[in-house]
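Participant: What follows is the residue order along each chain.
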Amino acid sequence: NAGVTQTPKFRVLKTGQSMTLLCAQDMNHEYMYWYRQDPGMGLRLIHYSVGEGTTAKGEVPDGYNVSRLKKQNFLLGLESAAPSQTSVYFCASSWVGNTEAFFGQGTRLTVV
Amino acid sequence: QQQVKQSPQSLIVQKGGISIINCAYENTAFDYFPWYQQFPGKGPALLIAIRPDVSEKKEGRFTISFNKSAKQFSLHIMDSQPGDSATYFCAASCMETGNQFYFGTGTSLTVIP
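So the sequences go chain by chain: A and Z. Note that this note's numbering gives residue 106 to position 89 of the first sequence, counting from 1, and the numbers run on in steps of one. Note that this note's numbering gives residue 87 to position 71 of the second sequence, counting from 1, and the numbers run on in steps of one.
No lab work stands behind these hints: they were computed from the structure. Accuracy of the hints is not assured; some may be wrong.
As the list claims (entries may be wrong) - Here are the simulated DSSO-like cross-link-like pairs (lysine-lysine), alpha carbons at most 27 Å apart as the crow flies:
id : chain 1 : residue 1 : chain 2 : residue 2
1  : A       : K88       : A       : K74
2  : Z       : K31       : Z       : K84
3  : Z       : K58       : A       : K31
4  : A       : K74       : Z       : K58
5  : A       : K26       : A       : K74
6  : Z       : K21       : Z       : K58
7  : A       : K88       : Z       : K58
8  : A       : K87       : Z       : K21
9  : A       : K31       : A       : K88
10 : Z       : K58       : A       : K26
11 : Z       : K87       : Z       : K31
12 : A       : K74       : Z       : K21
Please read these numbers as outputs of a predicted model, since none were measured by experiment.
In isolation and in its complexed conformation, chain Z is listed as follows (with noise of 0.2 Å):
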């Protein structure tokens, strides 16, 4: 059972547009929730992450919004750039599992000049 689903599976934006990328989870014991970024040949890098006790989290041009009632939170890359292009995953953890981290499948953003 996937405990953290993704979604698009793919994204093409126009340069200065909006991204918008979308996670449910189903244990809502979870209480850690990041986005990695990874570029091609890379391992995925932190971007950003939130804890339940905050309904939204911004970091320069990224922001996290966290619905914890609907079990789903969601990144949102404002004035998106081509250098942004990359695979993103969501992820969920938390101790009651050990700590494990739940990874989304991805989605592999394109943002085009």
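This is chain A alone, in the form it adopts within the complex (with noise of 0.2 Å):
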């Protein structure tokens, strides 16, 4: 049992340059979250879903997109990396809101 996976593990990127963080959960979750985490500011949620096909912002959405197709998936996108975008990145799924959120091993972005 997987849990929840992300993919890719590590990035480096240019500025100005796009890319897709893919999240799956195999748990079949309803809620699924993606969030950044900066020292000092502990995690802070860009998007969230609260099922397939659902979308909505978090406290920190500006420069980010995400898509819900399929209810096991929450794909994360930079459209146009900043330096400012350099954060490590966890996905997280929840069987419903205010529950226990099962997080992946994160994502560490580096935009150069």
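From these two lone chains plus the hints, build me the complex, please.
Facilitator: Listed below in structure tokens is the structure:
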């Protein structure tokens, strides 16, 4: 049972490049989330989804887009990467809201 | 505005001692308060959680104390062990805010043997 799997684990981008981070969960969870983690700032929610085909903005959505075409997958896109988007990105999922969230191992993204 | 404020930023405790991490929140609608533990290079994992209908919850060496009137909750780690050395995050959520989790800024705990 893999849980929450993030791809890739590491990536270096040049300013202005685009990329997509993939999150896959095998627990049939309804809710999925994308967070970024920066030193001294904890985890901040970028976007989340409460079910297949739905997305909503979190605390820091600017510069990111998401899609949830399949229940098990939640994609995070950066259209034009900026150095300020250098961070560790975590995907999480939960059965419903206000319950335990299961996190992936993280993606370390560096934008140069 | 930080929805959940966590302190201290770092904590050093001797083996066998008690580790205490505090969090305060603003939104009185919050109704789920989890604590997550994160080891280097790993994603956070749920340690223990509480809902506001109780003032305390204990699971092994880990206890959450909850003070609804003061809008504060804390994590107590009894008999702290070197293996407890990790970063701890408190969080809060509620339906009113779309069930988003608002996390504290984290506490880096080091337990000295």
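Participant: Please verify whether K26(A) and K74(A) have alpha carbons no more than 27 Å apart.
Facilitator: The given pair, whose Cα atoms are some 24 Å apart, holds under the 27 Å limit.
Participant: If you draw a straight line from the CA of K87(Z) to the CA of K31(Z), is it 27 Å or shorter?
Facilitator: Between K87(Z) and K31(Z) the Cα gap is close to 30 Å, so the pair fails against 27 Å, i.e. violated.
Participant: Would the pair K58(Z) and K26(A) pass a check requiring their Cα atoms to be no farther apart than 27 Å?
Facilitator: 11 Å, holds
Participant: For the pair supplied as a hint, K88(A) and K74(A), is the alpha-carbon distance within the 27 Å limit?
Facilitator: Roughly 18 Å separates the two Cα atoms, so the pair holds.
Participant: Would the hint linking K21(Z) and K58(Z) be met if the CA-CA limit is 27 Å?
Facilitator: At roughly 23 Å apart (the allowed maximum being 27 Å), K58(Z) and K21(Z) satisfy the hint.
Participant: For the pair we were handed, K88(A) and K58(Z), check the Cα-Cα distance against 27 Å.
Facilitator: Holds: K88(A) and K58(Z) sit about 24 Å apart, inside 27 Å.
Participant: Given the proposed pairing of K87(A) with K21(Z), does the C-alpha separation stay at or below 27 Å?
Facilitator: 35 Å, violated
Participant: Within a Cα-Cα threshold of 27 Å, do K58(Z) and K31(A) meet the stated pairing?
Facilitator: It holds: about 25 Å lies between the C-alpha atoms, which stays within 27 Å.
Participant: Going straight from one Cα to the other, do K31(A) and K88(A) come out at no more than 27 Å?
Facilitator: Status violated; Cα separation ~31 Å.
Participant: Are the Cα positions of K74(A) and K58(Z) separated by 27 Å at most?
Facilitator: 25 Å, holds
Participant: Check whether the Cα positions of K31(Z) and K84(Z) lie no farther apart than 27 Å.
Facilitator: 31 Å, violated
Participant: Just to be careful, I want the Cα atoms of K74(A) and K21(Z) compared with a cutoff of 27 Å; is the pair within it?
Facilitator: Holds - the C-alpha atoms of K21(Z) and K74(A) are around 22 Å apart, at most 27 Å.
Violated hints, listed in ascending order, are 2, 8, 9, 11; each of the other numbered hints is respected by the structure.
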